[in-house]
Every structure is written in structure tokens, then in C-alpha cells.
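Residue 257 in the UniProt record's numbering sits at position 257 of the sequence shown, with consecutive numbering throughout.
Just to be clear, a hint being listed does not mean it is correct.
To be verified - In silico DSS-like links for lysine-lysine, alpha-carbon gap of 27 Å or less:
(1) Lys2 <-> Lys51
(2) Lys276 <-> Lys233
(3) Lys194 <-> Lys233
(4) Lys157 <-> Lys2
Read the hints as simulated data drawn from the structure, not as lab findings.
All figures in this text were calculated on a predicted structure; none of them were measured in a lab.
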Amino acid sequence: MKNIYAIGVGLIGGSLAIDIKKNNPEAIVHGISRKDGTLEKALELNIIDEKATLDDLENADLVIISIPVDATVKLLPTVLDKISDNTLVVDAGSTKVDICKAVEDHPRRRNFLAMHPIAGTEHSGPTAALEGLFVGKTNIVCEVEKTTFKLQEKALKLFTDIGMRIRYMNPEAHDKHIAYVSHLSHISSFMLGKTVIEKEKNERDIFDMAGSGFASTVRLAKSSPEMWTPIFKQNKTNVIETLEEYINNLTQFKELMKKDDFDAIYSEMENTNYIKEILKGIS
């Protein structure tokens, strides 16, 4: 993997470039972005070695696509048009159904590996890229059987070498499950932030009283709307289903409060404490 092309050099794309380069010092990382300022910053931070354009992709050994999922759906067929027969293309999108459908009949579908590294922070852009972001994290790989075996092997070695665990899933199952454990979390965080901002007009009061609990719960509300709006749009059906269940639980909690049934509230929280066991081992 000597010539690596990163389309999108922010948190995920930039972090992947850093870690892959660390394990493959001879590799040259080429950055592609619609914003030249983003590439300049990535060069300054040594995330990439050179700027590039889509027309350079014929020279690529590996192409990493890490841009908003709506842009990935549009761009991925073009990327596959431009690569060589030996190029591996991966994407890091948080939804998988629409992305996989976009290239299901493409002549170079075998060159593409659909994946979702479950890692990240609430920050974005090249300055958010981190060395070691993926150590111990899970990488969901979808439709692995549609990628030619030689490129499967290269991809899996590449990502296990930077510390990732590989999990296989079909795109439909991925999008359903990720709505619960990621997409709902982001919506909850955004709406908590919105509720507090609307209620507490005096921002100083918010920050004077905000403890670590509020800060950790609302942390995801700092995430990029440019990235998350397309995710919610592509996974609309699953997200609405999770919201209906979540809203139902909130409504039930409110009703218990109205009834002064604090024994039931205690029981609800005690039962939910089991999540500590489920989440053991997640860094």
C-alpha cells in the first residue's frame, strides 16, 4: 500500500491516514478535499504528504473515503470508475445500505470494501485527527463476500494492524443496530442541548451550574451538522423507530413521576444499571 489517497482528511480520514502511515513509513498519503484550506491544514499537521485530485486515483493502491454519507453515495461510483483493477477502495460511513446500493452493479464492485470504524470524537476537521484513535475499536465490515479475496486480505490486515477488531454484518442489520447505539445518542444530545439553551437564556448560569454529567451527556451536540444530517436522512426509517421507543420510555417515566411512583422509578433505574455489564471493556 504505497500510494494512499484520502478523500476527506478530517477526524476519521485523517486518523486512518496517521495510523496507516505509522505502520507503513514508505507510504505516501495524498489528500483530496473540496476545500483547499483543509488540505493546507492537513499538510501542516503532517496528516498527508501531498495534495491530489480525483484524476490522480489511477495511481492509488488504497482509497479511503471519509466524507458525509450523502456525498459518498454520489462520489463512490466515480471513484470506482477512475481506479486501477488492483486498487482497494474503502469508505467509513455511519450508514451502509444506501452506500452499498449505489455500487451494487458497478463493474469494479469487487474493489470496494464497505466498512464503519466505530470510533471518533465530537470534533471534526484535520485538527481532530488523532494517532491511535482505532486501537481496540470495532470495525464493521459489510458485504465482505463482494470484495475480491486478495483485497479483503489486504484490508483486514491493514485495519487489524492499527488495532481494530473486525465484525461482519449485512448493511440492513448495521443500519438498524447503529440507529440505537449511535444515531439515537446524537439526537438525544442535540435535543438536550436545545432544551437547556431555550430554557436558560443566561448562558453564564448554564456553565456555572453544568457539571461533568451534563457535559458528558451533551458532548455529542458539538458534532458536525454537515455530517449528521445526511446520516439521519439515509437512516430515517430506523431512526424514527428508535425515537418512537425512546419517546415512549420518556413518557412512561414522566407518568411515573406524575403518579409519585418513585418505587417504580427506582426499579427502572436499577434494571437499567445492567448496562454497566454490557458496556464493560468499551474504552
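For the pair supplied as a hint, Lys157 and Lys2, confirm whether the alpha-carbon distance does not exceed 27 Å.
Between Lys157 and Lys2 the Cα gap is close to 15 Å, so the pair holds against 27 Å.
Agreement of Lys194 and Lys233 with the hint, judged by alpha carbon distance not exceeding 27 Å
Roughly 20 Å between the alpha carbons, so the hint for Lys194 and Lys233 holds.
Holds or violated: Lys276 to Lys233, with C-alpha atoms at most 27 Å apart:
violated (31 Å)
Is the Cα-Cα distance between Lys2 and Lys51 27 Å or less?
Given that 27 Å is the threshold and the Cα spacing comes to 15 Å, the pair holds.
In this structure, the one hint that does not hold is number 2.
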